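The whole structure should be built from the sequences, with the hints applied where relevant.
Each protein sequence line maps, in turn, to chains U and L. Using my numbering, you'd call the opening residue of the first sequence number 1 and step up by one each time. Using my numbering, you'd call the opening residue of the second sequence number 1001 and step up by one each time.
Honestly, the hints are just simulated from the structure, not real lab data. If you're wondering where the values come from, they're calculated on a predicted model, not measured in any experiment. It is possible that some hints are incorrect.
Stated by the list, open to error - Straight-line alpha carbon distances no greater than 20 Å define the calculated EDC-like cross-link-like pairs of lysine to aspartate or glutamate that follow: (1) Lys1020(L) - Glu224(U); (2) Lys220(U) - Glu163(U); (3) Lys1020(L) - Glu238(U); (4) Lys1013(L) - Glu93(U); (5) Lys271(U) - Asp1010(L); (6) Lys1020(L) - Asp81(U); (7) Lys274(U) - Asp1048(L); (8) Lys274(U) - Asp376(U); (9) Lys1020(L) - Asp376(U); (10) Lys1039(L) - Glu514(U); (11) Lys133(U) - Glu93(U); (12) Lys1020(L) - Asp207(U); (13) Lys1039(L) - Glu93(U); (14) Lys148(U) - Glu169(U); (15) Lys1020(L) - Asp124(U); (16) Lys274(U) - Glu1019(L); (17) Lys1020(L) - Glu212(U); (18) Lys39(U) - Asp550(U); (19) Lys164(U) - Asp243(U); (20) Lys1039(L) - Asp243(U); (21) Lys1063(L) - Glu496(U); (22) Lys1020(L) - Asp243(U); (23) Lys1013(L) - Asp243(U); (24) Lys220(U) - Glu238(U); (25) Lys193(U) - Glu104(U); (26) Lys1020(L) - Glu120(U); (27) Lys228(U) - Glu1019(L); (28) Lys79(U) - Glu104(U).
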Amino acid sequence: MSYTVALAGNPNCGKTTLFNELTGSKQHVGNWPGVTVDKKEGAYKKNKEINVLDLPGTYSLSPYSAEEIIARDYIVKEKPDAVINIVDGASIERNLYLTVQVLETGIPTVIAMNMMDEVESRGDSIDCEKLSKIFGVPVVPIVARVGKGLEELMKVTGQVAAEKQKPNEIRIYEQNIEEAVEEIMDFLTEGSKDDRRWTAVKLLEGDEIILESLQPEQAKMVQEIVEKLDSQCQGDAEAAIADQRYRYIVQTVGEAVKKAHKGHAETGSSKLDKIMTNRVLALPIFALVMYLLFAATFSENFLFIPGLPSPGVWLAGIVETAWGALTGLVEGGLTAIGASDWALGLALSCMDGVGAVVGFLPLVLVLFLLLSFLEDSGYMARVAFVMDRIFRHFGLSGRSFIPLLMGFGCSVPALMASRTLENDKDRKITMMITPFMSCGAKLPIYMMFAVTMFADGNKTTIVFGIYMIGLLVAVLSAFLLGKIIKGNGVSNFIMELPSYRVPTLKSVLIHAWEKVKGFAVKAGTIIFGSTVLIWLLSNFNFGGMCDMEDSFLASIGNAIKVIFIPLGFADWRASVGIVTGWIAKENIVATFGQLFGGVSDEVVEAVSAGEQALPAITSVFTPAAAWAYMAFNLLCMPCFAAVGAIKREMGSWKWTLRTIGYQMVTAYVVAFIIYHLFGLFY
Amino acid sequence: MTLRDLKPGDQGKVVSLGEKGPLRRRIMEMGVTPGTPIKVVKVAPLGDPIEVNLRGYELSLRKDQAMRIVVE
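Written out as structure tokens, the structure is:
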């Protein structure tokens, strides 16, 4: 007999740690239908008959966010064989708020009392047996971080699932609420008694989703009952229910928990936090952490030591060398078996295209290892706490800061980091503007124009100017999109500041690995497909294989170049550059090299050496057009790898296309303004 | 007096929570219900949001939300 067991608990209660400990590396990560919330499943490693499913972290079963709707729909409708409710023993009152709601559903439940080590080190004690008697479900003390108590937990869970052991019917509410519950239960027709009771309580709490699912006449009766109850509870039945739940919890905790200190105890965590979010020190500390994060991932001169690569760059170098060797082997192998020119060309450009993704992987890995560490340690919540004031001005919350900052390195991990944002609207806006932060791969484009066309100008000024354009557009976009996009209410900042904890290596590694794997698979398929397509288009026409000037791509370039007349660069080569830039932005420099009569490798080298690389482009671009072209490439659709990340994180093609559409229109409008404005000066 | 008027280190007891709506529901779910002792721990370096301690954990919320929470 096999069972499905769902893990439910508050965010930061150690749920993910427990899941990782239970399932090890054998996890399956997917998405819940229709939303971008991860759905993680895996078999319990010591008993394959138990399938463990990780529900999103929630504080309640109210329909406040996508996560909560998923968690409650799963518990109430799909009905797993048992629920393991993880409770953070260190903040037991708030955690039990979810617990009593889970128990109200009548589903077989086991409570895993986590963080028992922290509870003990504070000198507190929790009487699990007493709690077990009160709730009528097993309560197992565990320390998920070190794997303590897990075998006992799973043994008990197996029994509860097998025997379908139901929790006690706990008495939480006062007489008048109980009467209203029964009244509603009487005319609900669907479901078991437990289901009807749960539904009735939710209706009294003003649950819009359930209310809408009722027949019109039922809904009317419910509204009458709610109004009657409202008048009995000083006009507010919803508040009365929440209040009485907490009263019940406080009473229960009073019976089963002994606290060493009354009131607010000074813990190590709160001492550390006094420094980390200190009025004076908070911002410098934060700047230092961000610098280290960035430097460890992208820096070529790590810790200001010239020539010392950061861990990320160092790993990327190794991977690139290895990939280069592999490409050499493929080339040698194909030549040896006498493959035709086109087969060789296709194979090599696929190796290049996929290589571009593989080259990203080490950067993504390092960045996510560090970010996972910051997230699991509790520092990320403080960053949001410190930055919220600034970001509110742009209609976002403090949590958007991290993805945007990372965007200067590479949009792909930055877009993935946006999933830490709770509010769906904030997340969408952040993703739409993240590519406006000029990524590392766009730098060669600016350098090419700067060294070739603005020989007397200051290179740094030009590059800095472009970065500033990106920032400005991002800020304005956040304003604008905030007005257009509908979201679930006001962007808010009601957020738990979890205790600082040293994350386990295992949990950080698993966390980072999940993201890297997802990136490699999804973005890898998009990159691979687009590479093949562009290769075919740039090497063929209806007559067969040909030079790039006669290819389909050149025809397409010629056909679309009229679009760019208002922007000042109506040239097929410029158009083709934009298209190849979508594979990877640095491709534009290589493409220009090929099309403007240079050897692409040499052009790339000349650009990085700061030499005047391509005199020929001055015949096509005026300085104002060059600015417009740079701005267009900065703002238009990001590379396919980033589009893959957008698709993955948005979870829908509709929003992916909207994002791309917005970026295209913005790029066009801004480039247009720049071309005409700068035309006045040059 | 509202939660916003409390200074870091000050302690109070929640009296009421303001208008109905999803934000109030969330605040209640986080344990801010009438009668709950609540302590302001600190104000963020830029003056907003604030950090409060209640029911043995730390919660942050913006001043405009704190303004709706009446305390004594």
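Hint by hint, here is what the structure shows:
1. The suggested pairing of lysine 1020(L) with glutamate 224(U) holds, with an alpha-carbon distance near 18 Å, which does not exceed 20 Å.
2. A hinted pair counts as satisfied when its Cα atoms are at most 20 Å apart, and lysine 220(U) with glutamate 163(U) does not qualify at roughly 39 Å.
3. Proposed proximity of lysine 1020(L) and glutamate 238(U) is supported: the alpha carbons are some 9 Å apart, at most 20 Å.
4. Our distance criterion of 20 Å between C-alpha atoms is met by lysine 1013(L) and glutamate 93(U), whose separation comes to about 17 Å.
5. The suggested pairing of lysine 271(U) with aspartate 1010(L) holds, with an alpha-carbon distance near 18 Å, which does not exceed 20 Å.
6. In summary, the hint linking lysine 1020(L) to aspartate 81(U) is not supported, as the alpha carbons are separated by about 36 Å, beyond the 20 Å threshold.
7. Of the pairs offered as hints, the one joining lysine 274(U) and aspartate 1048(L) holds, with about 16 Å between alpha carbons and a cut-off of 20 Å not exceeded.
8. The straight-line distance between the Cα atoms of lysine 274(U) and aspartate 376(U) is roughly 19 Å, inside the 20 Å bound, and the hint therefore holds.
9. A distance of roughly 34 Å separates the Cα atoms of lysine 1020(L) and aspartate 376(U); the hinted pair therefore is violated under the 20 Å criterion.
10. Restraint check for lysine 1039(L) and glutamate 514(U): the C-alpha separation of about 39 Å exceeds 20 Å, so the hint is violated.
11. Proximity of lysine 133(U) to glutamate 93(U) is assessed by CA-CA distance (about 18 Å); at most 20 Å being required, the pair is judged to hold.
12. With a C-alpha separation of about 12 Å, the suggested pair lysine 1020(L) and aspartate 207(U) falls inside the 20 Å cut-off, and the hint holds.
13. Using a Cα cut-off of 20 Å, the hinted pair lysine 1039(L) and glutamate 93(U) holds, with the two alpha carbons roughly 16 Å apart.
14. For the proposed pair lysine 148(U) and glutamate 169(U), the alpha carbon gap of about 30 Å is over 20 Å, so the pair is violated.
15. Only pairs whose Cα atoms come within 20 Å are accepted, and lysine 1020(L) paired with aspartate 124(U) is rejected, the gap being roughly 36 Å.
16. Proposed proximity of lysine 274(U) and glutamate 1019(L) is contradicted: the alpha carbons are some 33 Å apart, above 20 Å.
17. Among the hinted pairs, lysine 1020(L) with glutamate 212(U) is consistent with the structure: their alpha-carbon atoms are about 19 Å apart, no more than 20 Å.
18. Taken as a hint, the lysine 39(U) and aspartate 550(U) pair is broken in the structure, with Cα atoms around 49 Å apart against an allowance of 20 Å.
19. In summary, the hint linking lysine 164(U) to aspartate 243(U) is not supported, as the alpha carbons are separated by about 31 Å, beyond the 20 Å threshold.
20. A C-alpha spacing of about 19 Å is found between lysine 1039(L) and aspartate 243(U), which places the hinted pair at or below 20 Å, so the restraint holds.
21. Distance hint between lysine 1063(L) and glutamate 496(U) is fulfilled; the C-alpha atoms sit about 15 Å from each other, no more than 20 Å.
22. With a CA separation close to 14 Å, the supplied pair lysine 1020(L) and aspartate 243(U) stays within the 20 Å bound.
23. Our distance criterion of 20 Å between C-alpha atoms is met by lysine 1013(L) and aspartate 243(U), whose separation comes to about 14 Å.
24. A distance of roughly 18 Å separates the Cα atoms of lysine 220(U) and glutamate 238(U); the hinted pair therefore holds under the 20 Å criterion.
25. About 11 Å separates the Cα atoms of lysine 193(U) and glutamate 104(U), which keeps this hinted pair within 20 Å; it holds.
26. Distance hint between lysine 1020(L) and glutamate 120(U) is unfulfilled; the C-alpha atoms sit about 39 Å from each other, more than 20 Å.
27. Of the supplied pair hints, the one linking lysine 228(U) and glutamate 1019(L) holds, its CA atoms being roughly 19 Å apart against a limit of 20 Å.
28. With a C-alpha separation of about 13 Å, the suggested pair lysine 79(U) and glutamate 104(U) falls inside the 20 Å cut-off, and the hint holds.
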